[in-house]
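Each chain, letter by letter, is given below.
2 protein chains.
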Amino acid sequence: MSLSTRRKSISVQTIRRLPQYLRIFYNFHTYGRELVSSTDLAAETHLLPIVIKKDLQSVGAPSKRRAGFKVAGTIHVIEQFLGWNNLNKAFLVGVGHLGAALLGFDGFKNHGLEIVAAFDTRPEKVGVPVNGVPVYHTAQLTSIIEKENLKIAVLTLPAAAAQGVTDTLTAAGIKAIWNFAPVNLKVPSDVVVQKEDIASGLAELCAKLKSR
Amino acid sequence: MSLSTRRKSISVQTIRRLPQYLRIFYNFHTYGRELVSSTDLAAETHLLPIVIKKDLQSVGAPSKRRAGFKVAGTIHVIEQFLGWNNLNKAFLVGVGHLGAALLGFDGFKNHGLEIVAAFDTRPEKVGVPVNGVPVYHTAQLTSIIEKENLKIAVLTLPAAAAQGVTDTLTAAGIKAIWNFAPVNLKVPSDVVVQKEDIASGLAELCAKLKSR
Numbered sequence: 001m002s003l004s005t006r007r008k009s010i011s012v013q014t015i016r017r018l019p020q021y022l023r024i025f026y027n028f029h030t031y032g033r034e035l036v037s038s039t040d041l042a043a044e045t046h047l048l049p050i051v052i053k054k055d056l057q058s059v060g061a062p063s064k065r066r067a068g069f070k071v072a073g074t075i076h077v078i079e080q081f082l083g084w085n086n087l088n089k090a091f092l093v094g095v096g097h098l099g100a101a102l103l104g105f106d107g108f109k110n111h112g113l114e115i116v117a118a119f120d121t122r123p124e125k126v127g128v129p130v131n132g133v134p135v136y137h138t139a140q141l142t143s144i145i146e147k148e149n150l151k152i153a154v155l156t157l158p159a160a161a162a163q164g165v166t167d168t169l170t171a172a173g174i175k176a177i178w179n180f181a182p183v184n185l186k187v188p189s190d191v192v193v194q195k196e197d198i199a200s201g202l203a204e205l206c207a208k209l210k211s212r
Numbered sequence: 001m002s003l004s005t006r007r008k009s010i011s012v013q014t015i016r017r018l019p020q021y022l023r024i025f026y027n028f029h030t031y032g033r034e035l036v037s038s039t040d041l042a043a044e045t046h047l048l049p050i051v052i053k054k055d056l057q058s059v060g061a062p063s064k065r066r067a068g069f070k071v072a073g074t075i076h077v078i079e080q081f082l083g084w085n086n087l088n089k090a091f092l093v094g095v096g097h098l099g100a101a102l103l104g105f106d107g108f109k110n111h112g113l114e115i116v117a118a119f120d121t122r123p124e125k126v127g128v129p130v131n132g133v134p135v136y137h138t139a140q141l142t143s144i145i146e147k148e149n150l151k152i153a154v155l156t157l158p159a160a161a162a163q164g165v166t167d168t169l170t171a172a173g174i175k176a177i178w179n180f181a182p183v184n185l186k187v188p189s190d191v192v193v194q195k196e197d198i199a200s201g202l203a204e205l206c207a208k209l210k211s212r
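Sequences listed follow chains H and U, in order. For the record, in the first sequence the residue sitting at position 99 is 99 according to this note's numbering, with numbers rising by one throughout. For the record, in the second sequence the residue sitting at position 133 is 133 according to this note's numbering, with numbers rising by one throughout.
Be aware that one or more of the hints could be misleading.
Intra- or inter-copy, both count: the list cannot distinguish identical chains.
[As the list claims (entries may be wrong)] Keeping only pairs whose Cα atoms sit at most 25 angstroms apart, straight-line, the calculated DSS-like set for lysine-lysine is:
#1 Lys53 / Lys208
#2 Lys210 / Lys70
#3 Lys64 / Lys151
#4 Lys54 / Lys208
#5 Lys210 / Lys186
#6 Lys70 / Lys175
#7 Lys89 / Lys186
#8 Lys147 / Lys54
#9 Lys175 / Lys53
#10 Lys109 / Lys151
#11 Lys151 / Lys210
#12 Lys210 / Lys125
FYI, nobody ran anything at the bench for these hints, they're computed from the structure.
Construct the entire structure; sequences and hints are all you get.
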């Protein structure tokens, strides 16, 4: 089965669980473990062993019969699958509470993302680095995207401002937008948008509660 | 088909999309629209009409042949499904950037959640309301949960502190935890936990990018 065929059959839910597996495998790797069983993984994740097995097999994780998944090999295939073996230079627009929270999260580098610049329009934000990341005025977006060769945009700005900034970004050649603004962005068909909706997690929680 | 049978067949992905549909239906309702077609919804959400149709039919949204889904009726069934027709009193633990971002989000009341109290251990946070929500010292958790009859906990605190607070919460009778801390919580089997993993959305974005 070719990688592209394999990729098609992988569900969004599996993809969403991959970072969790990756962190656990990194951890085992640090402690020098070479093999991890799906039962061990179940204890860490609270997922069913069969779900874990299916998830990892779907990305082609190497395993040893009756002993479990190979730690180094599984890290490699997950990183490959997500493209997290290379760092993508990213920037963030909107340094409010959520923007600051994301800039304060040091884990992105393990996830292929390096946020190297942030933008805001408010004079009190511009020029004040957050967790070491410089904050520029939004008017400088296009020039800094080019200069720094930035690839991925993280939008943490109010809904009303999001589409205008998006138009600037796509005109500047940005092809990937991680959108935390509560609005559906209109983009050219070759631009990938991942929309985060805080209410989605709440809906999951409430559906679980109701089904009790 | 009974509601409980129907519920079992609904995928997590469908549940995660329900808040988005709900917001669009609220909006149409405000403008006095009585029927909305899945084509109209596709234009708003950028989802395929067939996905939308399947999602809404799975929660039992009422429709009119060839005219679309009934706006008021669909709002009703989605709210019912998620339990969002009643407000659940919630509280938040950890008033850092992410906690402040969530406290600043006024949309939760439309999603069945009313955050009425926040907790932190830092002296400079305690006593300073955020977006009108009072901030108490974490030592007061148990007494205020009882006094205010709080039901849902939102955890936005560091990983190292999360399990200790969780033990306090479950001892106080809390049955639902929305966990933003990067750790898998150990809880009694009758407690529902919804874990948010910021890296899951990034994994989705990267998988989409790689499949281009």
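Going through the hints against the structure:
1. Taking the closest pair of Cα atoms, lysine 53 and lysine 208 come within 25 angstroms of each other both inside a single copy (24 angstroms) and across two copies (23 angstroms).
2. In this assembly of identical chains, the alpha carbons of lysine 210 and lysine 70 lie at most 25 angstroms apart only when taken from different copies (24 angstroms versus 39 angstroms within one copy).
3. With identical chains, the CA atoms of lysine 64 and lysine 151 are never at most 25 angstroms apart, being 38 angstroms at best within one copy and 45 angstroms at best between copies.
4. With identical chains, the CA atoms of lysine 54 and lysine 208 are at most 25 angstroms apart both within one copy (23 angstroms) and between copies (20 angstroms).
5. For a Cα distance limit of 25 angstroms, the shortest separation of lysine 210 from lysine 186 across copies, 21 angstroms, qualifies, whereas the shortest one inside one copy, 35 angstroms, does not.
6. In this assembly of identical chains, lysine 70 and lysine 175 lie within 25 angstroms of each other by CA distance neither inside one copy nor across copies; the values are 34 angstroms within and 37 angstroms between.
7. Taking the shortest Cα distances, lysine 89 and lysine 186 sit within 25 angstroms of each other inside one copy (23 angstroms), while across copies they are farther apart (36 angstroms).
8. Taking identical chains as interchangeable, the C-alpha atoms of lysine 147 and lysine 54 are never at most 25 angstroms apart, the minima being 43 angstroms within one chain and 46 angstroms between chains.
9. Proximity of lysine 175 to lysine 53 under the C-alpha cut-off of 25 angstroms is found in neither arrangement, the shortest distances being 33 angstroms within a copy and 29 angstroms between copies.
10. Only within a single protomer do lysine 109 and lysine 151 lie at most 25 angstroms apart by alpha-carbon distance; the minimum there is 15 angstroms, versus 36 angstroms between protomers.
11. In this homomeric assembly, lysine 151 and lysine 210 come within 25 angstroms of each other (Cα to Cα) only across copies, at 13 angstroms, whereas the closest approach inside a single copy is 41 angstroms.
12. Taking the shortest Cα distances, lysine 210 and lysine 125 never come within 25 angstroms of each other, neither inside one copy (43 angstroms) nor across copies (34 angstroms).
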